[in-house]
Amino acid sequence: MYVIPADSKRESILGHAAMEKITVQTKRKKEFVDVTRQVQDAVAKSGVSSGVCHAFVPHTTCGLTINENADPAVRVDMQAKLEEIVAEDDAYTHAEGNSDAHIKSSLLGHAVTVFVENGSLQFGAWQGIYLCEFDGPRTRQLWVKIVPG
Amino acid sequence: MYVIPADSKRESILGHAAMEKITVQTKRKKEFVDVTRQVQDAVAKSGVSSGVCHAFVPHTTCGLTINENADPAVRVDMQAKLEEIVAEDDAYTHAEGNSDAHIKSSLLGHAVTVFVENGSLQFGAWQGIYLCEFDGPRTRQLWVKIVPG
Amino acid sequence: MYVIPADSKRESILGHAAMEKITVQTKRKKEFVDVTRQVQDAVAKSGVSSGVCHAFVPHTTCGLTINENADPAVRVDMQAKLEEIVAEDDAYTHAEGNSDAHIKSSLLGHAVTVFVENGSLQFGAWQGIYLCEFDGPRTRQLWVKIVPG
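Chains as they are written, first to last, in our numbering: chain A, -15 to 133; chain B, -15 to 133; chain C, -15 to 133.
What the hints contain is simulated information worked out from the structure, not anything from laboratory work. Certain hints may be false.
All copies of an identical chain are treated as equivalent in the list; a pair is satisfied when it fits inside any one copy or across any two copies.
Unchecked claim - As a list, the in silico SDA-like pairs of lysine to any residue whose alpha-carbon atoms are at most 25 Å apart:
hint, residue 1, residue 2
1, K11, E101
2, K14, A64
3, K14, G103
4, K14, P56
It should be emphasised that the depicted structure is a prediction, and the values quoted were computed from it without experimental measurement.
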């Protein structure tokens, strides 16, 4: 039995879980890596059955997106179009030569949000989570946190 | 009266609410549908007065965005520019012929986050939530979940 | 001591905190303003040590993004490329003449999500939060809310 002191903060009532840190090794300069299973594993590990799962990449030259998990041609088309919109070789001022990767990352975003019910990520039939590498190959981090609710 | 057992998980303390599932029928191949009212209705139904509302589309050829709710010309301009950036008719490899819709969806994103105070979505004066159809007409799902806090 | 009545809603158990409202004065028509410190201040003020921080702009002609906080040339390149993708001067129908700002805002998005551990925003080494002004100079609002978890 546990009786909550009147001045407790929410955290002392609820406890909390540190974010899960997942390592993703990319293998090419540009590629979309399916990380759906790794995020689902983090949900299972959290023990949360209903809530909101946030995934986040602590990088500025890769992004996260949700897209088609079936025909890989969709990812080929997406990468080609992104290259057309933000060419790797352009008159950039940033000396490291990877400005295109920074811009593509901001266009896709650094985080995705997916609902959790009955301990499982809730997707549409064709959705998966992709880490979008624009300046690899690199060892990337993928951080995951699940808020119960 | 209710006394919390010491080993309760947060969920058993707080309870939880399943996500709300809303059906949106789009009527054209490409259109932006204002879904602000439907999301607000889900907030009201949740009974949460203060928290964070997440909306999510379980699809890969439509997206969600927040934009101007007054002059419809803004949406006309946005659709035209997106078409210019990611043309529907291009040399795509995906056989279904809707690669442009997949790419546009990832550029806008599949989820939006809006704060809730006093039971109401907190917007700026000109903001509304739009479901952005890029491969309609279709019957779409819009999922909503509100995290109290 | 405090014993929770059986029919309490989560909010009455947990209490809640209103969102923090921060004012950001932009100085140019287009600029990226580093707001990382202001968001961190809101986290400190919330007293939450572990959770998820959401930042949101209640506007339709500015956005929020996470990107490189070191070499300012990255931001120069990003602004130039966004201008190339969505030119300010184009054949738009919206009479106010700022359609490009609306479109750029939706491409970057109106919110960012960052994890909180030990009372601090958790970033990668090179990440900062930027308010992206596309139709300034204006007095902008930046809203922040932290969900414990």
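Status of the hints after comparison with the structure:
1. Taking the shortest Cα distances, K11 and E101 never come within 25 Å of each other, neither inside one copy (33 Å) nor across copies (30 Å).
2. Taking CA atoms no more than 25 Å apart as the test, K14 paired with A64 passes in both settings, with 10 Å inside one copy and 22 Å between copies.
3. Taking the closest pair of Cα atoms, K14 and G103 never come within 25 Å of each other, the shortest separation being 32 Å inside a single copy and 35 Å across copies.
4. Taking the shortest Cα distances, K14 and P56 sit within 25 Å of each other both inside one copy (14 Å) and across copies (24 Å).
Of the hints listed earlier, those the structure fails to meet are numbers 1, 3, in rising order.
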